[in-house]
Amino acid sequence: QQPVQSPQAVILREGEDAVINCSSSKALYSVHWYRQKHGEAPVFLMILLKGGEQKGHDKISASFNEKKQQSSLYLTASQLSYSGTYFCGTVNFGNEKLTFGTGTRLTIIP
Amino acid sequence: GAGVSQSPRYKVAKRGQDVALRCDPISGHVSLFWYQQALGQGPEFLTYFQNEAQLDKSGLPSDRFFAERPEGSVSTLKIQRTQQEDSAVYLCASSRGEGRGQPQHFGDGTRLSIL
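Chains A and B are the protein sequences, given in the same order. Okay, so the first sequence: first residue is 3 according to my numbering, each after it adds one. Okay, so the second sequence: first residue is 501 according to my numbering, each after it adds one.
Keep in mind that a hint or two might mislead.
Facing chain B, from chain A, some residues (calculated, C-beta under 10 Å) [claimed, not checked]:
hint, residue
1, A43
2, L47
3, L51
4, Y76
5, Y84
6, F89
7, F95
8, L100
Calculated directly from the structure, the hints in this document are not laboratory data. Using N, Cα and C, we set each Cβ at its ideal position, and we do this for glycine too.
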């Protein structure tokens, strides 16, 4: 079943922060985060493999709560280049299939 | 190559025609995935290869869809007797090892339009 993301869409002013949540109904082996701009390929942001793991680079970070089967993506001091649709992708135990979430459209305005 | 390469970028076909979409993964990448992305939706898994072995084809919508990767490198997704509902962007991704623990790197996709 498809992971559910929230919010569906968010509009921020440049410099503001955002949190995007991803929730699954199944136990997760890993969570992947991607950003996709209109007409372009999804671009890999980060992958989380362990419950409780937090990762980050630059001003984008993520956490993975294995027990709650949830992950959150944190964007701080947003830049115009952060605009796009963010997808989480989840992999369950026992297979390699990446199931993408419902997506969150992020718009950054100057 | 530097990235995943897909061809053609755009394909227009008449309903009932057969089409073939090509994916050239990053050199040395063991795993290869095909996804279908409808307008405004996230990518949906179609099939997965590890080297030349097709390990999961559970996402292929019907027996009109067929994928192969005979030498463990380039892959082709074939759609026979195309229908209008096949119109979508077809994305290919590759990863260094097993898909579940490795980042997947996507190509720019093939936009398929069935008239």
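For this session: Could you work out which earlier hints the structure fails to respect and list their numbers in ascending sequence?
Result: Hint check: 4 and 5 fail, others pass.
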